[in-house]
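Student: Letter by letter, the chains look like this.
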Amino acid sequence: KNQVEQSPQSLIILEGKNCTLQCNYTVSPFSNLRWYKQDTGRGPVSLTIMTFSENTKSNGRYTATLDADTKQSSLHITASQLSDSASYICVVITSGTYKYIFGTGTRLKVLA
Amino acid sequence: GAVVSQHPSRVICKSGTSVKIECRSLDFQATTMFWYRQFPKQSLMLMATSNEGSKATYEQGVEKDKFLINHASLTLSTLTVTSAHPEDSSFYICSASPRGLRTLRSDTQYFGPGTRLTVL
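Sequences listed follow chains Y and A, in order.
Just so it is clear: in the first sequence, position 62 is 62 by this note's numbering, and no numbers are missing.
Remember, this note's numbering sits 112 above the position in the second sequence when you count from 1.
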C-alpha cells in the first residue's frame with residue numbers, strides 16, 4: 001500500500017533556530033517527491049520538487065534532501081521566522097498516473 | 113503563472129441546503145481538476161478527479177450524489193454539496209493540472225486557496 005509518513009507530528013521552536021522535518025515513504029512506482037507549505041486556512045504551496053536522481057534541493061531557507069535507497073526525505077529550515085509557522089506536507093507522486101500520495105503533515109510553530 | 117482560484121473562500125449555510133463551490137484556473141487550461149477535503153489537523157483527502165467534458169471519478173467512500181462535480185470547461189470545475197449537514201463542514205481545496213504547456217509541468221497539481229464550509 002502506498003504510504004507517506006511524516007515526523008514529528010508537531011514541533012515548536014524559537015525564532016532563529018533551525019529544524020528538520022522527516023518524511024518516510026513506501027510508494028511505487030516513484031516519480032518525484034515534493035514538500036508543500038500550508039498556512040492555516042490556505043491551500044498548499046510548493047517548496048521543492050525532487051526526482052529520483054536528486055539528493056538535495058534548496059529554496060531560500062528551505063533545503064530538502066532525498067535518499068531514494070532508504071526512501072526517506074527531510075526538509076531543513078534554517079534561521080526560522082515567525083512566518084514559517086504552518087503545516088508542512090510531504091507528497092510523493094507516482095509515475096505514469098501522477099497520483100499524489102499525501103503525508104500526514106508536520107505542524108510547525110515558531111515562537112518569538 | 114499557474115494560479116487557481118476558488119469562490120467563495122468562506123460559506124455558512126443551513127442544514128439541508130445546497131452549496132456550490134467554484135474552482136478556476138486563471139492563466140492556464142486544466143486537463144484535470146481535483147477536489148480535496150481537509151479536516152482540522154489532518155492532511156488533504158482526495159474526493160474526486162474530473163476531466164473536462166466527462167464524468168468525475170470519485171474515491172471510495174465519497175457519495176457522488178451528495179458531492180456533485182461539473183467540469184464544464186478547461187478552466188472551471190464546480191463542486192456542489194447537496195443537502196448539506198453539519199458533518200459536511202470542512203475545508204475544501206481544488207487543484208488543477210495544466211494541459212500540455214512547455215512552461216508548466218503536466219504532472220503538477222496547482223492548488224487553490226480553499227473554501228471553508230460551515231453547515232449550521
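Hint data in this document are derived by calculation from the structure and do not stem from the laboratory.
Misleading hints may appear alongside valid ones.
As the list claims (entries may be wrong) - DSSO-like cross-link-like pairs, simulated, lysine-lysine; straight-line CA separation at most 30 Å:
(1) K17(Y) <-> K99(Y)
(2) K132(A) <-> K99(Y)
(3) K99(Y) <-> K176(A)
(4) K109(Y) <-> K57(Y)
(5) K178(A) <-> K167(A)
(6) K153(A) <-> K178(A)
(7) K1(Y) <-> K176(A)
(8) K57(Y) <-> K178(A)
(9) K132(A) <-> K167(A)
(10) K153(A) <-> K99(Y)
(11) K37(Y) <-> K153(A)
(12) K126(A) <-> K99(Y)
(13) K17(Y) <-> K37(Y)
(14) K126(A) <-> K176(A)
(15) K99(Y) <-> K57(Y)
(16) K167(A) <-> K1(Y)
(17) K1(Y) <-> K99(Y)
(18) K57(Y) <-> K37(Y)
(19) K153(A) <-> K132(A)
(20) K126(A) <-> K1(Y)
(21) K126(A) <-> K153(A)
(22) K99(Y) <-> K167(A)
(23) K1(Y) <-> K178(A)
(24) K109(Y) <-> K153(A)
(25) K153(A) <-> K17(Y)
(26) K71(Y) <-> K178(A)
(27) K126(A) <-> K167(A)
(28) K176(A) <-> K57(Y)
Said to hold, decoys possible - So these bits of chain Y aren't anywhere near chain A, every CB distance computed over 12 Å:
(29) Q22
(30) E54
(31) T56
Claimed, not checked - Where chain Y lies over chain A, by a calculated footprint (3+ residues, C-beta under 8 Å):
(32) 203-210
(33) 219-227
Predicted, not measured: the structure shown is a model, and the values here were computed from it.
Quick reminder that beta carbons are idealized off the backbone N, C-alpha and C, glycines included.
Student: Evaluate each hint against the coordinates.
Tutor: Structure-based check of each hint:
no.	hint	in the structure
1	K17(Y) <-> K99(Y)	violated, 35 Å
2	K132(A) <-> K99(Y)	holds, 26 Å
3	K99(Y) <-> K176(A)	holds, 20 Å
4	K109(Y) <-> K57(Y)	holds, 23 Å
5	K178(A) <-> K167(A)	holds, 15 Å
6	K153(A) <-> K178(A)	holds, 24 Å
7	K1(Y) <-> K176(A)	holds, 25 Å
8	K57(Y) <-> K178(A)	violated, 42 Å
9	K132(A) <-> K167(A)	holds, 17 Å
10	K153(A) <-> K99(Y)	holds, 22 Å
11	K37(Y) <-> K153(A)	holds, 14 Å
12	K126(A) <-> K99(Y)	violated, 35 Å
13	K17(Y) <-> K37(Y)	holds, 18 Å
14	K126(A) <-> K176(A)	holds, 21 Å
15	K99(Y) <-> K57(Y)	holds, 22 Å
16	K167(A) <-> K1(Y)	holds, 27 Å
17	K1(Y) <-> K99(Y)	holds, 13 Å
18	K57(Y) <-> K37(Y)	holds, 15 Å
19	K153(A) <-> K132(A)	holds, 24 Å
20	K126(A) <-> K1(Y)	violated, 39 Å
21	K126(A) <-> K153(A)	holds, 25 Å
22	K99(Y) <-> K167(A)	holds, 18 Å
23	K1(Y) <-> K178(A)	holds, 28 Å
24	K109(Y) <-> K153(A)	holds, 13 Å
25	K153(A) <-> K17(Y)	holds, 24 Å
26	K71(Y) <-> K178(A)	violated, 38 Å
27	K126(A) <-> K167(A)	holds, 28 Å
28	K176(A) <-> K57(Y)	violated, 40 Å
29	Q22	holds, 15 Å
30	E54	holds, 15 Å
31	T56	holds, 20 Å
32	203-210	holds (count 4)
33	219-227	holds (count 7)
Hint violations for this structure: numbers 1, 8, 12, 20, 26, 28, all remaining hints satisfied.
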